[in-house]
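Residue numbers (my numbering): 215 to 427.
Since the hints were made in silico from the structure, they are not lab data. Because the structure is a prediction, the values reported are computed rather than measured. Treat the hints with care, as some may be off.
[Stated by the list, open to error] Okay, the calculated beta carbon distance ranges per label pair: (1) 419 <-> 268: 37 to 45 Å; (2) 264 <-> 367: 32 to 40 Å; (3) 420 <-> 330: 13 to 21 Å; (4) 326 <-> 282: 30 to 38 Å; (5) 282 <-> 424: 41 to 49 Å; (6) 279 <-> 220: 44 to 52 Å.
C-beta atoms are modelled at their ideal positions from N, C-alpha and C, and glycine is treated no differently.
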Amino acid sequence: MNKRLTRIYRKLYAVFGPQCWWPADTPFEVMVGAILTQNTNWGNVEKAVANLKKEKLLSPRGLLRAPLSKIARSIRPSGYYNIKAGRLKEFLGFLCKSYQGSIKKMASQDHWQLRRQLLAVKGIGEETADSILLYSLSKPVFVVDAYTRRILLRHRLIKKEAGYQDIQNLFMENIKNRVKLFNEYHALLVRLGKEFCFKNNPRCRGCPLEDER
DNA sequence: CACCAGGCAAGTA
DNA sequence: TACTTGCATGGT
């Protein structure tokens, strides 16, 4: 157990409390949200998801049936809407071909195997795959995103050359392998990042980890 | 006006 | 392998 990572988690949890991620009504909604939130503000994703619900498109069958143009129109607020509409279709194609459109069948697959399959889908990279595994299917996989990298860099826990796998391994080899822990830890890092760790403007004033650096 | 947000793929050298 | 670029909306 890495003391530093454990201490940071305890401190964040003490300050912010449980984050209860992922904010969605169904596992499928989590998967769709994971694709829509790529390099995009979450508030815009919520608007897109609301549109999909309104159009009755937020289900495997709904998205499968709908033409690309209709999906694109619905998810417009989330940005990159043409790209993302295609990515949703790609994902649906995978879900149907490999698991007959059944989330349940998908969930019963070994998660490292499933991770490889997801990465083979055009439009699903490491963060999106891991978000689906952890937040939709409750698999013990740590999610790494831009905030995670930025925060670890500022605390000198990683080098700037560290890749996704390096960062994921750092967590998975040094904290307890629990879904609940992975879930809350990543969500807390995002929470911290949103409030105190901007790209070119680290707002250290008042940051709960001020004395950690 | 500039910059940012819970990335990814494709092109280039 | 290691950059670079396109994709796009909405908030600050």
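Within 32 to 40 Å: is that where the Cβ-Cβ distance between residue 264 and residue 367 falls?
Holds, since residue 264 and residue 367 (Cβ atoms, about 35 Å apart) stay within the stated range.
Tell me if the beta carbons of residue 282 and residue 424 are separated by a distance inside 41 to 49 Å.
Taking Cβ atoms as reference, residue 282 and residue 424 lie about 48 Å apart, which means the hint holds.
Has the hinted range 44 to 52 Å been met by the Cβ atoms of residue 279 and residue 220?
Holds - the Cβ-Cβ distance for residue 279 and residue 220, about 48 Å, lies within 44 to 52 Å.
Range hint 13 to 21 Å (beta carbons of residue 420 and residue 330) holds or violated:
42 Å, violated
I want to verify a distance hint. Is the separation of the beta carbons of residue 419 and residue 268 within 37 to 45 Å?
41 Å, holds
30 to 38 Å as the expected CB spacing between residue 282 and residue 326, which holds or is violated
32 Å, holds
Checked against the numbered hints above, the structure breaks only hint 3 and satisfies the rest.
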